[in-house]
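We have chain A; now place chains B, C and D onto it with these hints.
Residue numbers (this note's numbering), protein chains in the order written: chain A, -18 to 467; chain B, -18 to 467; chain C, -18 to 467; chain D, -18 to 467.
Note that these hints are calculated values from the structure, not bench results.
Heads up, the list lumps identical chains together, so a pair's fine if it works in one copy or across two of them.
In silico lysine-lysine, DSBU-like type, Cα no more than 35 Å apart, as pairs:
hint : residue 1 : residue 2
1    : Lys44     : Lys403
2    : Lys390    : Lys317
3    : Lys338    : Lys44
4    : Lys433    : Lys390
Since the structure is predicted, the reported quantities are computational estimates derived from the model, not experimental observations.
There are 4 protein chains.
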Amino acid sequence: MTFYSPDLPTDDYGDDKPHDECGVFGMYSPQPLDLAWMTYLGIFALQHRGQEAAGMCVSDGDKFHVEKDLGLVTQVFDERRLDSVRLANARVSIGHVRYSTTGSNLRFNAQPLTTRTNKGILGLAHNGNFVNAREVRNRMLMEGALFATTNDSEVMLNLIARESHMDLVEATAGAMQQLRGGYACVLMSRTALIGFRDPNGVRPLVIGQRDSGDGSYGGAYVIASEPCALYAVGARLLRDVLPGELVWVDHDGLHSMMVHPGKPTPCSFEWIYFARSDSSLDGVDTHASRIRMGEQLAREFPVDADIVVPVPDSGMGAAIGYARESGIPFDYGLYKNPYAGRTFLAPTQEARDLKVKMKLSPTSAVAGKRVVLIDDSIVRGTTSRQIVNLLREAGATEVHFRVSSPPIKHPCFYGIDTAARKELVASTHTLEQIRELIGADSLRFISERGLKEAVGGPGLCMACFNGDYPAGTPLLNDVDKLALEV
Amino acid sequence: MTFYSPDLPTDDYGDDKPHDECGVFGMYSPQPLDLAWMTYLGIFALQHRGQEAAGMCVSDGDKFHVEKDLGLVTQVFDERRLDSVRLANARVSIGHVRYSTTGSNLRFNAQPLTTRTNKGILGLAHNGNFVNAREVRNRMLMEGALFATTNDSEVMLNLIARESHMDLVEATAGAMQQLRGGYACVLMSRTALIGFRDPNGVRPLVIGQRDSGDGSYGGAYVIASEPCALYAVGARLLRDVLPGELVWVDHDGLHSMMVHPGKPTPCSFEWIYFARSDSSLDGVDTHASRIRMGEQLAREFPVDADIVVPVPDSGMGAAIGYARESGIPFDYGLYKNPYAGRTFLAPTQEARDLKVKMKLSPTSAVAGKRVVLIDDSIVRGTTSRQIVNLLREAGATEVHFRVSSPPIKHPCFYGIDTAARKELVASTHTLEQIRELIGADSLRFISERGLKEAVGGPGLCMACFNGDYPAGTPLLNDVDKLALEV
Amino acid sequence: MTFYSPDLPTDDYGDDKPHDECGVFGMYSPQPLDLAWMTYLGIFALQHRGQEAAGMCVSDGDKFHVEKDLGLVTQVFDERRLDSVRLANARVSIGHVRYSTTGSNLRFNAQPLTTRTNKGILGLAHNGNFVNAREVRNRMLMEGALFATTNDSEVMLNLIARESHMDLVEATAGAMQQLRGGYACVLMSRTALIGFRDPNGVRPLVIGQRDSGDGSYGGAYVIASEPCALYAVGARLLRDVLPGELVWVDHDGLHSMMVHPGKPTPCSFEWIYFARSDSSLDGVDTHASRIRMGEQLAREFPVDADIVVPVPDSGMGAAIGYARESGIPFDYGLYKNPYAGRTFLAPTQEARDLKVKMKLSPTSAVAGKRVVLIDDSIVRGTTSRQIVNLLREAGATEVHFRVSSPPIKHPCFYGIDTAARKELVASTHTLEQIRELIGADSLRFISERGLKEAVGGPGLCMACFNGDYPAGTPLLNDVDKLALEV
Amino acid sequence: MTFYSPDLPTDDYGDDKPHDECGVFGMYSPQPLDLAWMTYLGIFALQHRGQEAAGMCVSDGDKFHVEKDLGLVTQVFDERRLDSVRLANARVSIGHVRYSTTGSNLRFNAQPLTTRTNKGILGLAHNGNFVNAREVRNRMLMEGALFATTNDSEVMLNLIARESHMDLVEATAGAMQQLRGGYACVLMSRTALIGFRDPNGVRPLVIGQRDSGDGSYGGAYVIASEPCALYAVGARLLRDVLPGELVWVDHDGLHSMMVHPGKPTPCSFEWIYFARSDSSLDGVDTHASRIRMGEQLAREFPVDADIVVPVPDSGMGAAIGYARESGIPFDYGLYKNPYAGRTFLAPTQEARDLKVKMKLSPTSAVAGKRVVLIDDSIVRGTTSRQIVNLLREAGATEVHFRVSSPPIKHPCFYGIDTAARKELVASTHTLEQIRELIGADSLRFISERGLKEAVGGPGLCMACFNGDYPAGTPLLNDVDKLALEV
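Bound conformation, chain A alone:
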C-alpha cells in the first residue's frame, strides 16, 4: 500500500548515520494548561529523534483532538494547525516525532495512533520495536482483527482492546507481557496518561514535573524520551522510568507498577550519538560520556598529529575529549552548512557525494596539517571516505580516523535504522579494508570495553557491535508468511 507524499523527505540524507526511530512525549496537568503548546515545545526538543512525521493528541476529558502529518514539527504545526488541537481545559496530551522504520514513509503511519476501544478513545505514541509484532498480528488477524496500518502500535492497541474485562492500566500491563523487544511508549485516554518501558530499558523514558510555585499552573507531570523535552516545558527531571516499569498519571497523581523486572541494558547508541548533548539518561550525562569516549580513544589509539578535528556536529564531544587527553590542539576543520538539508537529489552515489560536499567544507585549519578526524560511528563508510577526501584536497598531509563507537556489524531490532547488514561496512570488511576504503592513514574504533567504561552505568545493549541481543530477536522464519499474503 503506497500513499503519495508530495514534497516530503526521503530516507536518504547522505549522512550515513544510524537513525533513531522516534521521540515520545506526554503530559498530564491537574490544572488548565496550554498542553497543545507544551507538547509542541516538547516534541520540538525531541526533533533530533525523528524528522519524518510529527503529531499530537490533546484531551480535556471530553473532547479528543489529534493532528499529525509528515514533516518537521514546525512544518506540521503552523499556527492554525496548532490552534486546531488546542483545548481550553486540556488535561492530557501526548506527542510524537517519527523516523520511519516499520511501515516505511506512510502518511497514515504517522503517530500518535488513535482508536476507539471498549476503554474509550486511546492515543498511543511509541519509540522502538516489538520483535514479535508480526507473530502477534498474524494471530490476531486469524481471530478477526483488522489492521489499518503497518504500525507496531496498532498491535499494542489491539492487545489492550482485547482484554475487555480489564481496566486500561491492567490491560496495558497485560499487553507489555505479550510483546517483546525494545520500546518506550506513552498512551493516553481522555483522563489518564500512561508511560511504559521495555524490561531491558533499551529505549529511554524519563519522568518530570513542572513547578506549581506561583499557583498559576503546576504539578503537571511530563513523560518523555529525553530530559531536554522536560526542560523545554519548564519541568524538572524526577527520574528515569525503570526498565519494565509502567507509570500512570491521573487525578490522583503519579502511580507505578513494575510489570516485568529485567536486567537493564539501555542502548549504547543513545550516549554515542542519539541523545542530545544536554540530556542525561539513566543517570549518565551524554556530553560528559562523549568526552570520556574521546579520552578513552586517545588512550587506546594515540597518534602523532597536529590538530584534532570533529566531524560536525556528531564528533564534537569525542574530539574535545581526544584533544584534551592527547594534548593535540582542537580545531574547527570542517565547516558545516546549516542549510544543508533535503534536496531533490536522486539516490545515486554521485548525488550522495554531492550532498556531503554541499554540507561540509574544509577550512584553512587543515592545510599542511596531520589531522586526527573524530566521528561517532561508521555505517556504510561512504560519507567517511568523502570527508577524508575533502580534507586531503584541502591540504591535510595525514588523516587519522578515530571513531567513538565500536564497528557496527549487526542490525538493530529495537528501533534503530542502521542499514541492511550487507551494507554495514564493518560486517563485510576487515579494519584494514575499511581504512583503505575510506582512504585514511590510520583508522581505529573504540573498544567495546572502552565504550562501556566511558559510559559507565549498569549494563548496555551493544547488540549492533557484538550480536548479543538482550531483548530477543524476531522469529525470522515466521516473519513474512502471512504478512506477505495480506
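Structure of chains B, C and D alone, referenced to chain A:
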C-alpha cells in the same frame, strides 16, 4: 476527534439542498487497463454525489495502492498523485466521492477504507447508512475490536473479518445480513470486485461492461452508483444490481447471489434531484421523470402567469415540463454564476444570504412578469425566500412557487443529509406559513401520489415525506450510550 | 522570460470559445467602507471575464496595499490574503480579473499593475488592447525607459509618468490620445479613482453608486466592466462611461472629461457571449438581445425539427428565442457537469475530445429526435463536431446547427483571444465544408444584418466577422523589430 | 505596499546578529553547461548571506528564463522549478540570495531584477546599498521614470537604460560613477556577464574559473560574493574583483576596466561574522582571522576561568583562539538545536526569549565552572542576556563575556542590517551598563586596533564601530522628501 483540514470546504454551501452522501465506482479488468485513469473518469462523473473527499484503490493482484484526500476529484488527483496509484497491470480498482454525513468532515474518514484482514487486504467504498451500525459497533467494541474511524464502512469490514472461516463473498453476504439500512457498496480484494445493494434498493447501483471489440482491451466490468459513470469509461449499462443482491467479478467473470430479497423501494430523491439528468436508474430515466413531475405539477397546481422560470439548474427539468403542460413560456430568469462555490464566509444567515446573491442573479426576463418559479425541493426555506426576493427586486409582479417534491418533514436515515428535523421548514410550518415565510404569492408542492406517478416504477422510499421508513430506523435509545463514552 | 506557475491553469479549456481578456472594477468611497471586501465581491461578479489571475489595490490615502496572483478570485483571495489588503479607512480601490492575451500566462503580468511615479504611487487595471502599444513601447525604450513586464498597462503608465508637468487627470487624458485600440481602464492614486474608455467604446465600462440612505455608508462610486459588478456591491447603475470619455472620482465627487469623441462601435460579442445575461450594456440588455438573436435565427433559417437544444450555458438565450419563434419545443438535451474544469490533460486533440465528454453528456431528451442545436459561436469547430457526435450517439436522428453569431473570420485586436486566424474554421472553410466537418445535417449562422437588428443600438464592432476594424490595427511591419531584439 | 507572503519567514530570528543583505553569483560558459544547476549550487553555498529570497536568470543567447521567490534556495528551487529555468545551451546565468533591507520583505523585490531596455533584456543581482539611491531615484521620477519596486537595483538599471547611446559595459560604468555606497553586483544580458564592485570594495566579489582539462566543459568563468560559491561549482579562485573595478565576460573571454579607483576599505564584519569560515576574502582567510581575533581578545582581556565556551556557531573560531592563547580548556557548553528556525512566534520579547531557549541549551560542561563565553558581536544585547542566564541556571559560577568585535554604535549604510541606532545597545549604554544588562561577571570587546591586526590587510571599513563612513552617507535631509510623497 478533530482533524484539521486546511483550505477545505465546509458543510455549508448556502444551497439548502438535501445532500447525497457518496458515489461509488469499481472496475475489474481481465486484461491490462489503466484502471487509475478509468477510476478517475468514473468518480469524476459521480462528483455531483459528493464533493468533500475523493479516493481510489488499485491493485494488480499483488500491489495494492490507495490514495484519498479531502477535496474534489480534480483537486485530490493531480497528475503526480494519479501516477502514484497507477499500476501497469492493474486488475481491480474502486473509487469513491464523499459528502460527509457520519463522522463529519474528517480527513481520515475519506474512502475507500482499506484494511488488512485474514482475507488479505481489502478496500471498501460505500454510499448510504447502516441504521444499526452503532449497535453492531458497540457489540464489537465489547468483544475487543478497534475502530480507527467513525465511518460505517469500518463496521462492515470488521464483520467481514470476524468470519475467519468463510471466504470473502460468503463473509460479505453474512455481513449484509447483519446490517440494516440503505446502502450500495463496492468492495475489492487484490483479485476480486464485489458490489452489493441493500434489500430495499434504497441507494442505486448499476453494472456495466466495456466493449472488447477491437481486442486492445475488453470485457472490463464496471459497478457504479449511476450509469453516467459507466459511459465515462466507455462501458454500456448491463443492468441495475437488484435490491438485496451481491455481485462479484473475478477471473471467471461476473457472478450473482441474492442475499436478502426485499421489496424494492428506491429513494425518490434520486429522480427528484440527486441523479444526473443523463442517468437512468431502475429502468426510469431521470430527465424524463423530471419533465413528468413538472407536467404533473402544472396539472395539480395551475396558475395564471407570464413565464416559467427554473431555479438553475435543479429546477430545469420540471420547469420545462410545467411550461409544456401549462403553455406558459419557459424563460431563463435567473443567471447562475458558475464560479460560485466555496468561499470562506462564516456560517451566519447574513453570509448565506450573500452566497445566494453571489450565485444567482435575475435577468431582464422577469421584469414586469408574473413568474412561476420551479424548484425541486424546499429544505429550510431560507434560500427560497431569498430567490423570491431577488425576483421581486428585479421587477417580478407575482411569484408563484411550485416544488417538484412533496414537503420534506422527516429526516433520512439512509444516507441523505437533509437537515435536523427542527430545521425542516415543512416539519414545523403549515403550507401557508411557509408561503408567507418565503414571500411567494402562492406555493404548492407536488402530491406524493403525483410524484409516484411521475417516477413510475415498482415502489419508492418516500420516508422523508411521510415518515414511513421501509429499511428500518435506528434504535434511538441505544444510539449514544457507549458511543458517547468512547 | 518564463515564470514557473505551479498548479496553474493552462489556456486550453476545451471550450473553443473566444475569450475576453479582462474585467475591471474600481471604487471610491467618501466614507469608511470595507473596500477590500467590496472589491472581492465586484471582481467575483466579473469572474466570467477572466479566470487566469485576479488582483486588487486598496488605499486609505496613505497606505497602498496590493495583492494579486494567478488563479480564480476565490483561489487568490482566501481569508488571510483578503485581510492583508484590508484597510480600516479605505478610500479607493481597484480590482481586476484576467484572461491572459498579451504576455501569456505570467505571474508578474497579473494586474493591477502598480508603480511609483512623480504623481505618487499608481495602480492600473485594464481590459482590452492598445494596437500601437509596441510602437510606443519601442519609442520609449530608445528614450531610456524600462519595461519589467510585457503588459500593455506598463506602456500606459509610462506615458502618464512622462508628463511630469501635468496632473494625473491631464496626463491620463494625454496618454489616451497617444494610444489607439479598444480598452476600458480603471486607474487609482492614493486619493482618486479614474475610469476611461476608448473612443469607439469597444470595451464596456459602467458607473454606479451605492445608496447612502441609512447613513452607515453611502455615496460610494463604482466603475466596472459590467453592471453585475455594481449590483454585487449594492450599487445601482448610473450610466455607461461614454466612448472616449474619462471620468474621475475624488473628494469633490464625480467628474467627466470627453477626451476623444468617437463613433460608438461597441464589441458585438459582449451581447453574443461575453457579458453576463443579467447585464445591460450601452442601454441594451444582454439576455433580451440573445433571445432576439434566437428569434432572428429562426426567421432567417427555419428548420423542421422536434426539439431545440442549447449548448449549455452559452446557447441558452438564443435557444429560448429560437424555440419561441419557431414553435419547436425547447428541451434540456445536454447535461453540463458543473465540476468540469481544469484537469491536467495534455493539449492533444484526444484530450480535448475527452474534455468535452467530461463536460457535456446528452440526456434522454434527444433520443429519436430531430434536434435544432443552438450555440453562440464556432471558433475552431472541434468542440462543435464532438457535440454533434454526442447527440447522434444518443439517438438524435437529425442535428441542425444554428449559430447566433456570424462566422468568425478575422482576429480581434481589441482584447479578445479568438485563435490564430489559420485556426478560425470560418476563415479557411466554406459553410458547406464546416457543416461537413462538424457533421451536422444543416448549419447556419445568423446574418450580420440580423445580428445588428437583434442587438440594436448605435453601432457595433463586427471586425471579427467582416475585417472592418473601427479602432485601427497594429502596424504589423513595425511590430517585432525592436521587440524581438530585447 | 504590502504583498502577502504565506508561510514565509519574518525578519526576526531571535539571533540578534547583524544581517548581511545578499549573496550574488554569476557564470559565463563558452561551452554548453547546466548553468541552472550550477547556479543552484552556487547560491546554495551563499545561503548564509541571505535567507529571505532566492532567484536566478539563465540565458542561452536567445531565451531568457528567470525564477525567484521568497524562501530558502531549496524551498524556492524544487526539481520542477529548477527545470523550468534550465536551458540546453545555457551560456550566461546569475543568481541571488537575499536578506531584505531596502524595501522589506516583498515578494516582488526578490532578485535578480529583470527588465527590457534598449540594450535588450537585462538581469541584475546586487549586494549592498547605494547611499544616494533615493536622490537619484527622485531625480529620475521627475524625469518620468517608473519604479515598480523599492529595490535599489531598479535605480541602477534605469541609469543604465538612460544611456541609450552607450553600449552595456560603458553604460554600466557610467552608472557606477553616479552611484555611491558599498556594493558588489553581477549583471547579465543574453550574451555577457558583468561584475562590479564599489570603489572602496566594501562588499566582497571574487572571480573564479572552472577547469577545462577533460574537454567536456571548460573555462566557464564564475563571479561570486565568496570563494565557497566557486568551489561549489568546481571552480578555482582566480582573484578578487578590485575595488572600483568592472569585469565582464563574453565570447572573447574575461575583460577588466578600472572605473573608479578608490582606497580599499572592505567591511570588517565579513571576517568577524558574515563570510563562511571556509572563505578567504581580499587575501585574508576568515577562519584563521577569527582564531587570531580570539587570541587577541585573550591577550587584551585575560581572565581566570575554567572553560572557554563559544556561542555556537558564530563564536567558534574566536573561542578556539581564546582557548589556545589563554590555555583555558575549550568546551562545548551550549547545545544548538539544528532544527531551530522559523516558528510562528509573535515578535514579542517573551517570544524572543523562548526562541533562544528553543535554540540553545547548556550542556553539563558548564556546571560549577567559571566560563569564558565567546561571541562575535552584541547588537541589542537581548540574546546575550538570555545566554548568560541559561549558563547560570545550568550552574556556571562565573560568566565572562568576550566579544570578537568592537561595540557596534553606528548604523551601516552599505548593506548590513544591524538595527536602528537607538536599538544598538552600545550606542546608548556604557560598557558597564551593558555588562550589567546582560548579567555577565565581566564583559570585554576586542579593540579596534586589535581587530585590525587580527584581520590584517590594507584597510577596513569599521564605520559601525567608529562612525567613519569611507563610502559616503545618505543625504539625510533629502531622503524622505519625495520618497514619502509617492
